[in-house]
Amino acid sequence: MGYRSLWILLGLALALGVAWVLWPTEPTPIEGRVSPAEALSGDAEGFLRADGPRELSFPEDHGPHPGYRTEWWYYTGNVETAEGRRFGYQFTIFRNQLTPPDTAAAEEARTSDWATNQLFLAHLAVGDVENEQHYGAERFSRGAAGLAGAQSPPFRVWLEDWTMAAVDGADATPMRLTAHDDDFGLDLTVDPLKPKVLHGDRGYDPKGADPGNASYYVTFSRMATEGTLTINGEAFDVTGESWMDHEWSTSALMEGQVGWDWFSVQLDNGYDLMYYELREEDGSRSPYTSGTVVDPEGNTVSLAEGDGVLEVLDRWTSPHTGGTYPVRWRLQIPKADLDLEITSVFPDQEMNVSTSYYEGAIDVAGQHAGVEVQGRGFVEMTGYAEDAGQPRF
Amino acid sequence: MIASLWRSSLRYLWSHPWLFGLSVVGVAMGVAMVVSIDLANVSAQEAFELSAETVTGRATHQVRGAGDGLDEAVYRQLRIDHGVRPAAPVVEGYATVPDAGRTFQVLGIDPIAEGPFRAYASQDAGIELDVFMARGQTALIAEPVAEALSRAPGDTLQVRVGGRDRALIIAGLLAADDERSRQALESVMVVDISTAQELFEMRGRLSRVDLIVETDAERDRIEGLLPESARLDRSEARTETVEQMTRAFELNLQALSLLALVVGMFLIYNTMTFSVIQRRPLIGRLRALGVTRREIWRLILGEALLIGALGTVVGLALGLVLAQGLVVLVTQTINDLYYVLTVRELTIDAWTLTKGALLGLGATLLATVWPAREATNAPASTVLQRSAAETSTREAAPRLALGGVFLGLLGGGLLLIPGDSIALSYAALFLLIIGFSLLIPLVITGMATGLRPVMDRLFGLIGRMAARGVVTTLSRTAVAIAALVVAVAATVGVGIMIDSFRGTVEVWLEGQLQADVYVQPPSLVFRQADATLDAGVVATFRAAEGVRDAHTVRSVHVETNHGRSELVAIEFGPSTEDAYRIKEGDASVWDRLGSEPVVIVSEPYAYRHDVEVGDTIEIQTDEGRAPFEVGAVYFDYASDLGVITIGRPVYNQYFEDDAVSGLALYTAEGQPVEGLVERLRRQVPDGQEVIIRSNQGLREASLEVFDRTFTVTVVLRLLAVLVAFVGVLSALMALQLERSRELAVLRANGMTPRQLWQYVTSQTGVMGLMAGVLAVPLGLILATVLVYVINRRSFGWTLQFNVTPEILLQAVGLALVAALLAGLYPSYKMAQANPADALREE
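If you read the sequences in order, they're chains A and B.
Under the numbering used here, the first residue of the first sequence is numbered 580, with each subsequent residue one higher.
Under the numbering used here, the first residue of the second sequence is numbered -6, with each subsequent residue one higher.
Please keep in mind that the hints were generated in silico from the structure rather than gathered at the bench.
Just so you know, even glycine gets a beta-carbon here, dropped at the ideal spot from N, CA and C.
Among the clues, some could well be false.
So these bits of chain A aren't anywhere near chain B, every CB distance computed over 10 Å [as the list claims (entries may be wrong)]:
1) R612
2) R781
3) D874
4) T922
Label-pair restraints from in silico Cβ distances [claimed, not checked]:
5) A:T903 with B:D117: 25 to 35 Å
6) A:E813 with B:E338: 34 to 44 Å
7) A:E813 with B:A210: 51 to 61 Å
8) B:D117 with A:G885: 39 to 49 Å
9) A:P733 with B:G197: 21 to 31 Å
Please work from the sequences and hints to get the whole structure.
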């Protein structure tokens, strides 16, 4: 190899080197994580506690209860089109108070409209029974600057453009629910068919032995529902029945409790049923089981520890989270002369957002006082999925 | 054969270490200056881009308001009512952390909305809302920053915004995923949007709303949704505008650094010419022995390449060192004049280094072409005769001069081309320099003839010989002198430019500062009033005892049809009219300013945007986009970005803003100004630090900043002086060393060491003097171009040409001293040497 070719090679190598160094590269976005200040996170100290029955007054108590750490307005329902195509829906707005109210002095010094310790989140889901498709979405917002909030009267709870509000300002009901995500949404009017139910003792519903481990719990157990569901651009005019829960508390779960199984049922004989069990870490049932039976006129019977027997008949493992959920049960409540078989309308009604839980439409069939009954309702199960951890609400 | 040629070449260089070394130094310094300025510029740009990218994130568009922020209702309307998503509100500003001794870019965000834009500031990055958002007055800072400050989450961080002290709690630390992000995040402080509104007193207002807009249709839809007072911009357009601010400044620095390289080229040229001429006998012999022209050509270029390569390597290393210092100066100037910028580290840009290396090697080769041709073109027989070269140079002098005149005219012609190209202006400037240096051989021949009788009278025969010697060795002296002239002239030109500028500013300040006392909040950029005075301060001071009259100034940034600009609203005081010197337009404008939609614009504004009296500027106001007539153009040297000035009453009609950026006070009759300043200082209400300065104090502070902004230029000028000095030293020293044989003959013929000393120093002295004298006209030409063309084209202002005799004397003195110093070593060496040995050499 002559000198000339050596030079050419060297030159080429140099040129390549220069080109390599100078070749424009797409800058990567600025990325980073936040290592948080855990020491600063507070506990339940300083929040108001649900520590005993109190006289609730409406419509004010339909509104928010700042000072309590957690509050939610929870709508679930079974609806269908005129042709009988069936859907389930869930629309919930949670209020989360991030710091105790005794920091109010510090808050008052703040001038920005954006300053707040209220975090709102909302969950929206529609279950398309025919296609066994479950659509879910979640939104967050601070409860300030007009972005999210709750009030009554007039009743209005909203997170950006997802709203639950009194149709007519003067009365809390009927209510209109409006929420649309990219692929699906709903616009429904719900009107109570029975008076509101105050669970437990005038709405005070203990969840554990410690005083204060309880919530205030108000329900509309049967609401006539009418409106439109939208899925992937297709609108469905629907009618059906909904259930609404409004609950506020500071600490509902006790140490060692990992989740709950909660049922709402509307029977075709006019009776409604709410029943829940809390589960312990070892999978066993907590003694704090509770429920309410509502007769067609709206009279209630409270269920207490040991009043119900819930037996799991079938289970389903979620392909999304690996959590194994019960999907078929037998629920016996001798005190109310109820013996019901409950089935998830379709198995995959798991809600996968920042936490994972199960929120599904159910079919109910069985006996009430010896008479065949049927019904529909909703089941909510938390604490089954591995990554779910402690639910935030 | 080739190998032995190379060995001879190397041995030659080795046996002339001074010459060799100084040439390498010459190249090295030229390269070092270019590289260091470029690195400093690139680092500043990179730091800016990084910070822009950090706060812009993935936003493609931004919604901004008129004047000082955007009504936060616009965010709600866009996001909630019209479903424009993703959208994120931002309140931003700057805060100084006294403990860190530096300024941070404060990014006020809603972590919930941040995800699509700036992942590091979002809920998903791990921000604990219960601390960060709910507690408020909290901040996230980068891990290394916390480490440097020995702070941990939960600790308090004192920050200072617009003269107000605030305490923030560190709510968490930003950990970067990669090196670039680490750099980016080190200058940022992330706070909740509520905290930011409180820090910057922007209740109800946002700095902007960030959007990601994918299609033109979506953009058009959003534009249609915005209220009159808001507008939608591309995010990059913002960054580009800011980057443009410093472009002229950076370009000028670059050009000045190139000047050093040109001087370096002269040095190389000098060295190579010298080495070729000295080796003419050798080259002649080689040619006679059959070495081809091509081989000689390669040999000379090879030598040059060796010098160039060594010089370049040393220069790159030196440049890196120099850049560490220069980047601080460049950053300081940008902070004084344009915007807040923190440059945490030098960006070692591969392209800059490549450019430096190519320039170093290229300049060396370019400077060698002529001497190499000289050596290879001559026929073998005449190459042996040294005198041939001298004769040909002397004969060539008029031809060179003609070429010089031609280049000079070309340069002058380029300057006459209308337009505002700064690069073209500098090209013309370099043509003028080269043209002038081509005149030098002819001019010094004439000068030497003229000097001979003078030297004769002063030093007798030796003086006459010294003067004559300059011409007899013209091929070398001319280059040496030319190098010296260019180097010294560069320092003269830049010196006069700075003096003219400072003089102009001094006179302008004298007129501008009509009030007796000035009050303003501390501002991060000296030339921009970016903070507001507390209303309490304004009220207290207006009513203070001893204050006869007062007027306020409000400065905001607005969008106009010419882009973003500073808008200054002035209240009319007793001497407002005297404070403004009108360049175009007449005094009737003052009556109209108070009531009509009329503005006056500064000279740089008019120049930058090509605006004349009678034109209309459209300004985005809270009432929508409104037209304002340009009533006059006034002289202003505060901002090269240009300023629009409006009457406060008219401003209030268009903007919902009652804030005040500054206050000018007039003392009552017979009140001493200093007394009032003292009294006011005692009356400052708690909460805000304000700066209270007398007329005199503000003038001094302004000039101090002026001087600071010219530090880089002054440093460059000093470096040019240094290069010039090295140049003279190497050129003249080489010249004298090369004459060892001639001097030995003189010694052998009875010249005493003392006479020899006299002979050598008077000859270098003559050359220094010639160079110094010739540097004056070239320096004046350079200054004229810098003052009237380049400054005007770069910054748009008219400067008063201001020449002080000191600068000119300095130039002559510099050349003379350098030349005399250069004579010391050779004459000492020759005086010591045994003439016989010297004669035997070679």
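Hint by hint, here is what the structure shows:
1. Annotated as non-interface, R612 of chain A brings its C-beta within 10 Å of a C-beta of chain B; the closest such distance is 5 Å.
2. For R781 of chain A, the shortest C-beta to C-beta distance to chain B comes to about 32 Å, beyond the 10 Å cut-off, and the non-interface label holds.
3. Listed as outside the interface, D874 of chain A is consistent with that label: its C-beta sits roughly 42 Å from the nearest C-beta of chain B, beyond the 10 Å cut-off.
4. Every CB of chain B is more than 10 Å from the CB of T922 of chain A (nearest about 37 Å), matching its label as outside the interface.
5. Look at T903 of chain A against D117 of chain B: about 28 Å separates their beta carbons, and that is inside 25 to 35 Å.
6. For the hinted restraint 34 to 44 Å between E813 of chain A and E338 of chain B, the CB-CB distance of approximately 57 Å leaves it violated.
7. Judged by the Cβ atoms, the range 51 to 61 Å given for E813 of chain A and A210 of chain B is violated: they are separated by roughly 23 Å.
8. Remark: the range hint 39 to 49 Å for D117 of chain B to G885 of chain A is upheld by a beta-carbon distance near 44 Å.
9. One distance hint, 21 to 31 Å for the beta-carbon pair P733 of chain A and G197 of chain B, holds here, with the actual separation near 25 Å.
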